[in-house]
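There are 2 protein chains.
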Amino acid sequence: MKISGKIVDLHKRKIYTGEISFMGGTITAIKEVESAPDLFIMPGLTDAHVHIESSMVTPSQFAVAAVRHGTVAVVSDPHEIANVMGVEGINFMLDNAASVPVKFSFGAPSCVPATSFESSGAVIGPEEVRKLLLDKRINYLAEMMNFPGVIYGDEVVTAKLKIAHNAGVVIDGHAPGLTGGDLVKYAAAGISTDHECSTIEEALEKISLGMNILIREGSAAKNLNALASLLESHPDRVMLCSDDLHPEMLERGHINLLVARLVNKEYDLFNILRAASVNAAVHYSLGSGLLRVGDKADFIVVDDPGSMKVMQTWIDGIMVFDGSRTLFDAGIVSKINKFNCNHILTDEIEVKNGGATMRVITAQNGELLTGSVIVETGNEPLVHSRPDEDILKIVVKERYNDAPPSIGFIRGFRLKQGAMATSVAHDSHNIIAVGVSDEDIVKAVNMVVDAGGGMAVVSEQDSELLPLPVAGIMSDMPVSAIAESYLRLTEAVKRQGSSLDAPFMTLSFMALLVIPELKLSDKGLFDGKSFRFVPLFAE
Amino acid sequence: MKISGKIVDLHKRKIYTGEISFMGGTITAIKEVESAPDLFIMPGLTDAHVHIESSMVTPSQFAVAAVRHGTVAVVSDPHEIANVMGVEGINFMLDNAASVPVKFSFGAPSCVPATSFESSGAVIGPEEVRKLLLDKRINYLAEMMNFPGVIYGDEVVTAKLKIAHNAGVVIDGHAPGLTGGDLVKYAAAGISTDHECSTIEEALEKISLGMNILIREGSAAKNLNALASLLESHPDRVMLCSDDLHPEMLERGHINLLVARLVNKEYDLFNILRAASVNAAVHYSLGSGLLRVGDKADFIVVDDPGSMKVMQTWIDGIMVFDGSRTLFDAGIVSKINKFNCNHILTDEIEVKNGGATMRVITAQNGELLTGSVIVETGNEPLVHSRPDEDILKIVVKERYNDAPPSIGFIRGFRLKQGAMATSVAHDSHNIIAVGVSDEDIVKAVNMVVDAGGGMAVVSEQDSELLPLPVAGIMSDMPVSAIAESYLRLTEAVKRQGSSLDAPFMTLSFMALLVIPELKLSDKGLFDGKSFRFVPLFAE
Numbered sequence: 000m001k002i003s004g005k006i007v008d009l010h011k012r013k014i015y016t017g018e019i020s021f022m023g024g025t026i027t028a029i030k031e032v033e034s035a036p037d038l039f040i041m042p043g044l045t046d047a048h049v050h051i052e053s054s055m056v057t058p059s060q061f062a063v064a065a066v067r068h069g070t071v072a073v074v075s076d077p078h079e080i081a082n083v084m085g086v087e088g089i090n091f092m093l094d095n096a097a098s099v100p101v102k103f104s105f106g107a108p109s110c111v112p113a114t115s116f117e118s119s120g121a122v123i124g125p126e127e128v129r130k131l132l133l134d135k136r137i138n139y140l141a142e143m144m145n146f147p148g149v150i151y152g153d154e155v156v157t158a159k160l161k162i163a164h165n166a167g168v169v170i171d172g173h174a175p176g177l178t179g180g181d182l183v184k185y186a187a188a189g190i191s192t193d194h195e196c197s198t199i200e201e202a203l204e205k206i207s208l209g210m211n212i213l214i215r216e217g218s219a220a221k222n223l224n225a226l227a228s229l230l231e232s233h234p235d236r237v238m239l240c241s242d243d244l245h246p247e248m249l250e251r252g253h254i255n256l257l258v259a260r261l262v263n264k265e266y267d268l269f270n271i272l273r274a275a276s277v278n279a280a281v282h283y284s285l286g287s288g289l290l291r292v293g294d295k296a297d298f299i300v301v302d303d304p305g306s307m308k309v310m311q312t313w314i315d316g317i318m319v320f321d322g323s324r325t326l327f328d329a330g331i332v333s334k335i336n337k338f339n340c341n342h343i344l345t346d347e348i349e350v351k352n353g354g355a356t357m358r359v360i361t362a363q364n365g366e367l368l369t370g371s372v373i374v375e376t377g378n379e380p381l382v383h384s385r386p387d388e389d390i391l392k393i394v395v396k397e398r399y400n401d402a403p404p405s406i407g408f409i410r411g412f413r414l415k416q417g418a419m420a421t422s423v424a425h426d427s428h429n430i431i432a433v434g435v436s437d438e439d440i441v442k443a444v445n446m447v448v449d450a451g452g453g454m455a456v457v458s459e460q461d462s463e464l465l466p467l468p469v470a471g472i473m474s475d476m477p478v479s480a481i482a483e484s485y486l487r488l489t490e491a492v493k494r495q496g497s498s499l500d501a502p503f504m505t506l507s508f509m510a511l512l513v514i515p516e517l518k519l520s521d522k523g524l525f526d527g528k529s530f531r532f533v534p535l536f537a538e
Numbered sequence: 000m001k002i003s004g005k006i007v008d009l010h011k012r013k014i015y016t017g018e019i020s021f022m023g024g025t026i027t028a029i030k031e032v033e034s035a036p037d038l039f040i041m042p043g044l045t046d047a048h049v050h051i052e053s054s055m056v057t058p059s060q061f062a063v064a065a066v067r068h069g070t071v072a073v074v075s076d077p078h079e080i081a082n083v084m085g086v087e088g089i090n091f092m093l094d095n096a097a098s099v100p101v102k103f104s105f106g107a108p109s110c111v112p113a114t115s116f117e118s119s120g121a122v123i124g125p126e127e128v129r130k131l132l133l134d135k136r137i138n139y140l141a142e143m144m145n146f147p148g149v150i151y152g153d154e155v156v157t158a159k160l161k162i163a164h165n166a167g168v169v170i171d172g173h174a175p176g177l178t179g180g181d182l183v184k185y186a187a188a189g190i191s192t193d194h195e196c197s198t199i200e201e202a203l204e205k206i207s208l209g210m211n212i213l214i215r216e217g218s219a220a221k222n223l224n225a226l227a228s229l230l231e232s233h234p235d236r237v238m239l240c241s242d243d244l245h246p247e248m249l250e251r252g253h254i255n256l257l258v259a260r261l262v263n264k265e266y267d268l269f270n271i272l273r274a275a276s277v278n279a280a281v282h283y284s285l286g287s288g289l290l291r292v293g294d295k296a297d298f299i300v301v302d303d304p305g306s307m308k309v310m311q312t313w314i315d316g317i318m319v320f321d322g323s324r325t326l327f328d329a330g331i332v333s334k335i336n337k338f339n340c341n342h343i344l345t346d347e348i349e350v351k352n353g354g355a356t357m358r359v360i361t362a363q364n365g366e367l368l369t370g371s372v373i374v375e376t377g378n379e380p381l382v383h384s385r386p387d388e389d390i391l392k393i394v395v396k397e398r399y400n401d402a403p404p405s406i407g408f409i410r411g412f413r414l415k416q417g418a419m420a421t422s423v424a425h426d427s428h429n430i431i432a433v434g435v436s437d438e439d440i441v442k443a444v445n446m447v448v449d450a451g452g453g454m455a456v457v458s459e460q461d462s463e464l465l466p467l468p469v470a471g472i473m474s475d476m477p478v479s480a481i482a483e484s485y486l487r488l489t490e491a492v493k494r495q496g497s498s499l500d501a502p503f504m505t506l507s508f509m510a511l512l513v514i515p516e517l518k519l520s521d522k523g524l525f526d527g528k529s530f531r532f533v534p535l536f537a538e
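If you're matching them up, the sequences are chains W and V in order. Letter by letter, the first sequence follows residues 0 to 538 of numbering that gives the first Met the number 0. Letter by letter, the second sequence follows residues 0 to 538 of numbering that gives the first Met the number 0.
Treat the hints as calculated values from the structure; they're not laboratory data. Cβ atoms here follow ideal geometry from the backbone N, Cα and C, with glycine treated the same way. A hint or two may mislead.
Claimed, not checked - Example chain W residues on the side facing chain V (calculated, C-beta under 8 Å, incomplete): (1) Leu133; (2) Asp134; (3) Lys135; (4) Arg136.
Excised from the complex, chain W in its bound form (with noise of 0.2 Å):
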């Protein structure tokens, strides 16, 4: 096979008009040739870390869609099944992204469950690690974010590191906002990668330990106008990836989009290309191709750096998306779940009057971080959500086990009427809900339950699902099916008042307790800076 264009040489740094061999997978050959078409040939796209549960489908699906935009590899953390189903489920990924051609790396979940102070699925510890880390197709120990745990040498922590030091494999960080002597001993535990950094001088003092810079840009959080400057400053040192992808972002773009727009915020070529590409390939051991003699056929054509319109993707010298359509489909899947829960009954949710005044969580849009207000709960037996003041009701469901729910009352959500309920709720997903009314709230948390995981919205003249059935967290319908029951949803839930960009995100970091101030586990209302569990009534 022979394939013509604008060769994009990262290593001699040049643009040529060349001609690329390619035989059983394998570049043969590479030459420079008179003429060849108007198009740029360049190696494969990498996100160096994405959890791809957060695009809601299976890794199949998640190919299906990315190798549209020139991904042909992909560094996953396999965190959030990992809490829902433990061992088995990381299995389920692994098995699911083996059917398809995109080149997954997959990391061993370092901190599952995140805290002790919620009900999770499953726990991973360090014998589970040490077995993961066996398996041919995980590669790394992933993001250790119990950075406190690095710091003080807790015993569990210290005993995961030393197993991936024992492994030979390199180990992801994530230490957002962490610096001086407590940076130094968290990159001297052998900990290579960050993706946390928002600050270029949070970067830079990173860097200077060692450690190497993910610029991140994704649904939840985006960092790269902060560190584009990393691409100048240590142009070996930065990789792309997005962390986490909700399934209309990943339906537009992925990596490409970030390659695009720092072409046009005039950064080199060649290194915004290796950020995207070269980095990951070296850090992570991939095994992806970078277009020289030897290496693996994967590359892509576009059409100019500046738009990044993927018109091919090869991987393995074989061509997996077409320019319009993708070349492989993916799969059946063999489901898998673990919901273990009944219907909750209004009188479950009903708040009885204990106290003057009550601890209300505040949220913000489009942040993970919450406050707390102090509101007085009125003279009625019962306590109700209060439209009018933005006060409502806000209710978790373990769904591991049949526990009763909890309860608080949250503002930032402006529901005029109706509820909503989502069993994405980091990092434990159990269901978590909001609502004016408690019989919409139960409504919604009970279509949640029936559909073994999902989203659901109810008004007081409808109601809306997107069913998550692999996991409660999954769906195995292509992304764009996805993207649009999502965005069907959130407007739904946007005619009901809600003023949030993105009210199931948002919904679904009010059950995150590592992130302060006031958290709802399914154990109760948690203060995050106190690290402990509050009364709801506050006196």
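Following the hints, put chain V in place on chain W, whose structure we already have.
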């Protein structure tokens, strides 16, 4: 670190006075020098195919003994423990082997159980093979003994081969005497080795079809003399292996003794050492060092190629044997076993006279093959051992469930008194015993039962036991101790009248149904030619 001596360079095919520098486990430089000690430095040796269980010790104890003989890498098929304990047993071997520096490469056993005519402890189906091949420590599909299954496209065999192809691993063969069109089909299935050749013609036919030949010289089969000329005719297509190496032989030497024998036969030293190191390292991707810059610093220091007395063994740049002591230890073993049977009783092994004649197995010294004779049963109501005619009772007791023993008669052991029993009995490793009096047979079997596996000798005066508590086929004691105990038991059997060279080995093959003619399974007397059970009484 530096070491100097007469460097045996297998790549340039020369021996020169030189110095090797290494750091961090890797060779950084090799250069000629003026003078150096009068010792030979060569790549460490590899056993290209061995069932470690046959040495009756754990992999770590095997390693402690083998490095004394210059072995640095071992390609091992955990077939025996897989028959006893399945995947759990294989994982034990992997974990135990990982605790020592010798470079073990394990295969996924392809034929467990060996037949459906006996009770084994486990089944390794295609799905188990698939999962095993995902383990980073399992790098090939082990010997495909079911060659009829390959040739006739048996569904399970075909599934296992396909899984191995998809995993991109080497497939090992085992096809004694296979020739012509059947061999063409066998090789065409992608099976790339054979260690069962006993004639040069057989080996050359297999080589002509692309297969590699492992020249085997072990405790059970000895093909070195017959096949040595392959070192001249096909130096890149041969490796050396032991297949099965009993403890007393491993105590004396390993691949080094084969090298010395071949040197004394005046074969080319470079070809001999390529067969003993390079060829296996390449074929099985062992990663063992071959004395090139950039290779792992795995090498040995020997006094002379004609004696192959090993003065030092180095693995990954660390000295592991200093000429007198092994410098690592075998560690603590968490014992595993599968032994679920009770004592047998004398009346369970009584044989009521059921016909005028009966079938008697005839064992031959050093042979896996047996014959069959018809003898008269006499007029007594019970049939007993008749030591004067060398017709002894033989008993197989299943150890995985508590089933009644099966009983037959055998000629060839020549015991004049007492009994012997062993739980090393290929391939299912039930308990097999032979003896003169029922009381002594029962006593010997029950000693093995009480020990959870082992070998026992019972005589009128005395009894002796070699306990094999690890899966009932191995010990965690050093090879030297097991060798001594094994030789003592063998001598005891010889004092009781046996003229067999290795009576326990011969006994261990009397339940190996796939090798004809007449054998005894735990389910009854088995005719290996017609592949069916036959009654004890012939008429």
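A quick look at each hint next to the structure:
| no. | hint | verdict |
| --- | --- | --- |
| 1 | Leu133 | holds (5 Å) |
| 2 | Asp134 | holds (5 Å) |
| 3 | Lys135 | holds (5 Å) |
| 4 | Arg136 | holds (7 Å) |
When each numbered hint is compared with the structure, no violation occurs for any of them.
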